[in-house]
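Chemist: Using the sequences provided together with the hints, build the complete structure.
Listed below are the residues making up each chain.
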Amino acid sequence: MVDPRFPGGTSAAVAAEIRALAPLVDLEIVGIETAMFRDRRVNADLEDAIADAGLELRWSPSVVRADTIVFHNPSCLKFDVALPVRFSCSTAVLVTHENFLRPGDTESFDVAHCLSLIESRLVCTSRWLAPVSPLNRRGVETWLEQTGAPWEATPFDWFNICDMPIRPPTERPRDLRGRHSRPGLEKFPPMEVMLRHFPPHAEGVVILGGDGFLSEPDSVPVHWDLRRFGETDVSRFLEEIDFFVYFTHPLWRESFGRVIAEAIAAGKMVLTDPATAESFGPAVVPTDANEVDGTIARFLAEPAQYVAFVEEAQDGLRRFRPEAFRSTVLAGLEGIEGRANALL
Amino acid sequence: MLFCDTCGTETRDLEDLAVFASQLSAAGIRARIQFASIPTDLGRNLQFDLARYLTDRLPGPGDHVVLLASHRLTDAKLVALRRLSGDATRCTAFGTYPTRQAAIGLRAKLSYVFGSEPELHDLTNDGWSGGAGSRGPVFGMPRRGKVPARPRLLLVEPDLADPREAAGVVALALSQRLQVTILTNGRAKRGWQTTNGTEVPVFHYGEVLPVDLAERVDICATFTPLLGNYRLQCLVANLGRSGVPLLDATPGHAIASDLELFVRAPVDTVTLAPFLEAEILPNRAEIGRRTAGSRTAACFAPEVALPDLGTPAPDAPADPIAPLAFVPTNGIGLGHAQRCALVAGEIASDTKPVFAAFPSCTRLVKSYGFDVMPMISRSDAHRQSFENDLVNYVRLRALTAGGRSLVFDGGYVFDSIYRTILENRLRGIWIRRGLWQPAQDNSVALDREKVFARVIVPLEAFAELNTRYSHGDHVREVGPVVRRTTLSARERDTLRASLAARYGLDFDHLVVSLLGGGIAADRSAQIQALCGMTEPRSDVLHLVVLWPGARQEPGWFGWRRTRVVRTDRAGILLAAADLCVAAAGYNLFHEVLYNRTPAIFLPQTGAFMDDQNARARAASERGLASVVEPNELMRLERELNRFLSRGEAEATAARLARIDLPEPGNRAAARAIEEVHDDDHGLLDDTGARHAAPRR
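Chains A and B, in that order, are what the protein sequence lines are. Under our numbering, the first residue of the first sequence carries the number 1, and numbering increases by one thereafter. Under our numbering, the first residue of the second sequence carries the number 1001, and numbering increases by one thereafter.
Simulated from the structure, these hints should not be mistaken for laboratory data. Since the model is a prediction, treat every value here as computed from it, not as a measurement. Do not take every clue at face value.
What the hints assert, rightly or not - Per the computed footprint, the stretches of chain B lying under chain A, defined by three or more beta-carbons under 8 Å from a beta-carbon of chain A, are:
1) 1079-1093
2) 1099-1108
3) 1112-1123
Glycine included, each C-beta is placed from N, C-alpha and C at the ideal position.
Modeler: Here it is as structure tokens:
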């Protein structure tokens, strides 16, 4: 189950998941219409994945029955007052693509409201919240502790599948920096940090998704090549840079960081804050705003190290491949279903 | 420092922002509004409302940003806030959040701007003031003034279009026991004044802030609901905390049902009058005590209604710069400044007047020994016609902060004057000479008479020129305010001899032309013609007398019998002259008359000026001067020769010597100012609001 009109990471993750799981399980895709995406179109990637799997999208049936119902990203219900679909299953899993808590443990959205809408329509044996990363898990577990809600966190991460094509890194890296994200303020650090990340002495700076800056062009440096979200194809954008410098606002964090995986797969070195870097382990350079310049200079001086680092990072992406997902998630589901049955 | 902003994009949102800032200011909390966050196409009243809070400084570390109508935050405003928030890390947001998600979402967005979690204050359940869409917190401050002998009744939005209701208002306004003021919208005010004139003071919402209006209200009856009207809500909060009886005159009495501090009242103005007589006036003190002590009034206290927004500080200096300020308008010449200086010179009070004056007048004022704060003149280079007045308003507010009285001399009461009197709680005194042109529309000026405690009318020397434009005990007529320079025969001879020696020209006739000065209309052709007319006469010295700073033409130089004199001592030259050629402005006209100097008047005839033709004709008909239209240059030459060669100057001087003129009013005007300024005994209340009985 998903609102298939999510524009970014959620739809991409679900599309990859359909491709990975459809051959192995009896899969049904149910679409629900939430107030969050009123008047939006179905995500093209997701639409293709459903069609490629020979499936059809069922829109808002009155009842959904299955052994296991996986509801992707319940935050999409935050603007709704009711859910028209009833659920009947043995195991219910809500994949928490959106962090429950922001840094400082402030709620990111009205989690209790979204879950209560589902709870009020759900009959099942066991209810699970499936985090997508270690950072995301911490938020879920903290929230569960704080609220005592009748859900349990899955013992495994329902990570995003990363099966992007792997491209080799350049052997002669240049100081070409860039970042890509949706244009929301939460995706960007404060301006003074942006200025340090993308200084005038960089050979090139491309910011894809800089719509907010474009609305006030006088307030941004002239050496920034600002592009609107979607203006350039992501793979083409990644060809224009060698360093992907990706920091979000310190009061918001990516739950998984799909853009980071895309950059690594494209053969780019990724620099980000330590918390965001956690999902990818040694595949990215955890740093802070003051060290970005020095880190880039170090790798520019040692191109071989740059190549070695990126290749190792790409190797690390294997743990997010479809086959890894299949083994982790299917085994994990079996485990929690077994635990639920054991309780009976 | 506290910075205020609104997330709303409508004009009304900015009006609410101005109201909020003014309420904070009354509570001693100094608020600032960023200039860059304000649209450039606001109406005049709103620009004045906001002007004193504007800053182009960005918030720094430790500064605090307060947002109104935060539930209406748009992406565009969010982006703008990112730029305008500077280094501020503290944000307090007021608004209504119908769902928990709405509050969480807003909290997150603002945290990305400020780098810290904002404090949200949900006004949804804020009782009567809230409800969906409430824009800001309602709070009030007790007013400072005391209740005068005739309490002031404010009628809020009576149905003035209804003849019966309008008649009821007129009847109330005639009461000897009450003073009536109306608060309504702009259209209703215009309609009322078209029919009823300016006898009853009427404010429209945009021309007065609640905190200033509250100082002038002792009983308030509202005929309109309060919901959704933040300005009116704040007025009620101020009045409620001041213990002012509040009457609900709305159908159904919904306000009184919500708020226990309101008294149910008749819903029409006709039956309101006996209700006031029977129920309110005899019990006003007790009702006021109950109002001030009500639970709602307690909730209006800033410390209850607001989070911690900073430490209150007094908003007026203990030692004001100008306890008694004089502000002459610039007008066409320097008449207003000179009149003010003459009157100020007669002030016997311990308080030395301080002036605010336009650059063309500052030298004159200083020559009388007064300090002057410069004001900005109007300029075609300004984007808006009143842009200079915005600056003058801010300057005047600062100059008179903590002061007591402001004396204004001029025909049109600028916003800066009107607002400074209102907002600094000054006793306004208006020196208003008459002789307005018959077709002149002075409704705006007369409308603003309502903020003046006193109007001083310097009379014209000739009775037929005096017309009364307004009535009441607050209007004082005084004799002509005039500068007199008395020279003995010996002094006069000595001065003339020194002039002859200075210029190396012997003469029998001293002709002084005083046609240009300050920013006078262009009379360069007439002056040049006079130079030419006097040139063949070896018995004449022609002095073109200009005020320092006045424009001078090259063509006036190089004449044998003419000299250009730039001086601030024109009076003494006038006293020594045999003939004066001058415009017929109030000051020069009376100076010529009282100094008994023969004159040829060339009246100025601007549509916005006094009726100089009438004034000059009055003198001419009495044989005391001659009148020449400015374009009649040949006639001017004939008149000049008649005066100088055919004995007319001597004949006119003889007639002038015999004429009885009214006693000059310089001292009387000063006394009328002192009465207001020095009054500590209840003639006026603390706001300077007058106690005039209505005209019967």
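Chemist: Run every hint past the structure and note whether it holds.
Modeler: Evaluation of the provided hints:
no.: 1; hint: 1079-1093; verdict: holds (count 4)
no.: 2; hint: 1099-1108; verdict: holds (count 7)
no.: 3; hint: 1112-1123; verdict: holds (count 5)
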